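Listed in order, the protein sequences are those of chains V and D. When the letters of the first sequence are read in order and numbered with the working numbering, they come out as residues 7 to 466. When the letters of the second sequence are read in order and numbered with the working numbering, they come out as residues 317 to 427.
Everything labelled a hint here was simulated from the structure, so no lab data went into it. If you're wondering where the values come from, they're calculated on a predicted model, not measured in any experiment. Errors might be hidden in some of the hints.
What the hints assert, rightly or not - Over the 10 Å line for every Cβ pair with chain D, so calculated as not near, a few chain V residues: (1) Gly29; (2) Thr88; (3) Trp101; (4) Arg112; (5) Glu120; (6) Leu125; (7) Val266; (8) Asn287; (9) Asp300; (10) Phe302; (11) Gln304; (12) Lys334; (13) Ala394; (14) Met408.
To be verified - Under the rule of at most 27 Å between Cα atoms (straight-line distance), these lysine-lysine pairs were calculated in the DSS-like manner: (15) V/Lys392 to D/Lys398; (16) D/Lys408 to D/Lys375; (17) D/Lys319 to D/Lys375; (18) V/Lys60 to D/Lys319; (19) V/Lys392 to V/Lys268; (20) D/Lys398 to D/Lys375; (21) D/Lys398 to D/Lys361; (22) D/Lys398 to D/Lys415; (23) V/Lys334 to V/Lys268; (24) D/Lys361 to D/Lys319; (25) D/Lys408 to D/Lys398; (26) V/Lys60 to D/Lys398; (27) D/Lys361 to D/Lys375; (28) V/Lys234 to D/Lys375; (29) V/Lys60 to D/Lys415.
For every residue, glycine included, the Cβ atom is placed at its ideal position computed from N, Cα and C.
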Amino acid sequence: MAADRRYYGVPLRFAYTPHPVAGMTSSVLRSYVEGVDPASGRLVMDEVVDALTKPLGPGERVVEHARVPWSRLPQELIEPDTEDNLQRLFYERGWTDGLPVILPTRERVAAMLEGTTHLPDEVVGEIYLERTFERVRFTVEMVAIIGVMAGARPEHLPVILAVASTAEPSIPRSTTPFGRMLLVNGPVRHEIGMNAGVGAFSPRTLANSVIGRAWTLLTISWGGFRLKEQFWSSQGNPVSYSNMCVAENEEASPWEPFHVEKGFEATESTVSLFRGWNVVNNVVGSSHRSVGEDMFTQIRPLVSPYSAATLVLDPLVARHLESDQGFKTKAAFCRWLSEHFRLPAREYWDNDVVDMLVGPLAVRGVEPYATWRNLPPDTLIAPYDKPAEMNVVVVGGETSPMWKVSDFSYTVSASVDRWRAQPLTTECDDGSCGLAGESLPHAGYPRPGDSSTGTPPAAF
Amino acid sequence: MAKPNRVEVLSPEGCRTVVADEGTAGREPGSLWTMAPRLDDLRGKTVYLVDTGFGGSGKFLDEMQAWLAEHLPTVVAVRRRKTGHVFRDDTKDLWAEIKERGQAAVLGVAG
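Use the sequences and the hints to build the structure in full.
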């Protein structure tokens, strides 16, 4: 019987089974029940019975909750060393994505911070580490360190800060192979040389590569993403190297840019994040059936809960849909897909993810899921019942009418402009210039108007 | 041969600011929780086996129910699936039912 403090500090009694449970046969699961708890070495059912019958110990009767004040961990001092040795150190500490990084010297980080006028010690966001029950706040300076490591230039920093401000990990904690997509919209795409055209998703363009990479380095460094600690994805996902970081080809698209759909002005610059598992590419085109009908064959094996889908269309495909097929908006095409794609009810419910996430809605009587749950297995349903949850993004160089179909859902957008470098003479009515907020001690980089000489403050 | 240059770098983990906040589940800091008293034994008791909804957990608890029927036949093992979202603490009706009709509960499993 293992006591554990995983849940709000309450010392719940846990018994552990061998892993995995998902996908195992009944006979294997019976062997788990009759077998040994791998954590304690005791029989699983002895542990379960004991958990229900052994009297509570002193530490279990009453639990007092107390918030522990924020505490600052000191900046770890790394002994100066050769570049080769430091590269090895960074790798062995688990701070990299397995590839060499640009070492974050004080000078490089200071140069990176020129990409924003936000103060190095301004808090950008906060993440929660379930393994250690820690909430970790990160600052502009810390994001700049990661930006250097990723190979970014100062002009990329506002985009990386915008991603960091969402506090979303590029690698969600899961044993499944989650992948992410990072979409940039607005004028910043051109200003920093992002690729929205030929080979936009390929390893070719600096801005796409380093911004996408920085997101994963952020996740690794602060999320404690050490293998078999916080990171348990059984197979992993190569998408996580660069997170499909791309810009939308707004100029070649016949439709509204993605960020405008989400309420931003066209003149604003944003990042938008997506999350899912699968991306399917079409090949050649659709000569024998419509684009939508072709997509049905690709969507079918992806069927995801909550109608989550993201379609990435080359401008050739987008303009074909708009001018030849009459879909005047992205939403109109999503509605058509939603109304016309069909699937047998059994195929839908036999999908474990659907059962896990949508099943409870059916049990609660939420429609149409409650009705679908009771249909004869071969009855056709339209499982993408929420077209508003389907996304269309236009990316590509018009060399071929290509598209990608994915089960990615849209999660959040964030302003890039908020983090841009502003003219240093800018003043505002209250004197804060939009920089108000909590601050943490920084590592002493020279900054505009600061007499600091680079000596770390006493807190370090 | 010249010695390679030594470089000074910063840790990417930086000056983390950390709170060991275990959460208060909506309660005021300093409030008290009391765990439910344990049973003397399980004979004749109603034990709920609650499937979280995670893939495979229902089948696992089916096997646990079968084990109880075989080894502790006087236990009334009730198999239920957690209502609400698999990953959220949003269940109320089932917890109320267990408090009213059951004497113990096992919640499982993920993986």
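Right, here's what the structure says about each hint:
A beta-carbon of chain D comes within 10 Å of the beta-carbon of V/Gly29; the shortest separation is about 6 Å. Against the 10 Å criterion, V/Thr88 falls within the reach of chain D, whose nearest CB is about 4 Å from its own CB. At roughly 5 Å from the closest C-beta of chain D, the C-beta of V/Trp101 falls inside 10 Å, breaking its exclusion from the interface. Against the 10 Å criterion, V/Arg112 falls within the reach of chain D, whose nearest CB is about 7 Å from its own CB.
Distance check for V/Glu120 against chain D: the nearest CB is about 16 Å away, which clears 10 Å, and the non-interface claim stands. Distance check for V/Leu125 against chain D: the nearest CB is about 14 Å away, which clears 10 Å, and the non-interface claim stands. Look at V/Val266: its CB is around 32 Å from the nearest CB on chain D, clear of 10 Å, so calling it non-interface holds up. Residue-level check passed: V/Asn287 sits 27 Å from the nearest beta carbon of chain D, beyond 10 Å.
Residue placement check: V/Asp300 keeps its beta carbon more than 10 Å from all beta carbons of chain D (closest about 30 Å). Taking the minimum C-beta to C-beta distance to chain D, about 26 Å, the non-interface status of V/Phe302 holds against the 10 Å cut. The non-interface label for V/Gln304 is consistent with chain D: the shortest C-beta to C-beta separation is roughly 24 Å, beyond 10 Å. Once the 10 Å rule is applied to beta carbons, V/Lys334 is consistent with being away from chain D; the minimum gap is 36 Å.
In this structure V/Ala394 is separated from chain D by more than 10 Å, as the shortest Cβ-Cβ distance comes to about 20 Å. The claim that V/Met408 lies off the interface holds: its Cβ sits roughly 33 Å from the closest Cβ of chain D, which is beyond the 10 Å cut-off. For the hint linking V/Lys392 to D/Lys398, the alpha-carbon distance of about 25 Å falls within 27 Å, and the restraint holds. Restraint check for D/Lys408 and D/Lys375: the C-alpha separation of about 23 Å stays at or below 27 Å, so the hint holds.
Straight-line distance between C-alpha atoms of D/Lys319 and D/Lys375 comes to about 64 Å, which puts the hinted pair past the 27 Å bound. As the CA atoms of V/Lys60 and D/Lys319 are separated by approximately 65 Å, the hinted pair breaks the 27 Å bound. With a C-alpha separation of about 16 Å, the suggested pairing of V/Lys392 with V/Lys268 holds against the 27 Å cut-off. At most 27 Å may separate the alpha-carbon atoms for a hinted pair to count; D/Lys398 and D/Lys375 meet this at roughly 14 Å.
In summary, the hint linking D/Lys398 to D/Lys361 is supported, as the alpha carbons are separated by about 20 Å, within the 27 Å threshold. As the CA atoms of D/Lys398 and D/Lys415 are separated by approximately 14 Å, the hinted pair is consistent with the 27 Å bound. The suggested pairing of V/Lys334 with V/Lys268 holds, with an alpha-carbon distance near 17 Å, which does not exceed 27 Å. Taken as a hint, the D/Lys361 and D/Lys319 pair is broken in the structure, with Cα atoms around 76 Å apart against an allowance of 27 Å.
Taken as a hint, the D/Lys408 and D/Lys398 pair is honoured in the structure, with Cα atoms around 10 Å apart against an allowance of 27 Å. Between the alpha carbons of V/Lys60 and D/Lys398 the distance comes to roughly 25 Å, so the proposed pair stays at or under 27 Å and holds. A distance of roughly 22 Å separates the Cα atoms of D/Lys361 and D/Lys375; the hinted pair therefore holds under the 27 Å criterion. For the suggested pair V/Lys234 and D/Lys375, the alpha carbons sit about 26 Å apart, so the restraint of at most 27 Å is met.
Distance restraint check for V/Lys60 and D/Lys415: the Cα-Cα separation of roughly 19 Å lies within the 27 Å cut-off, and the hinted pair is therefore satisfied.
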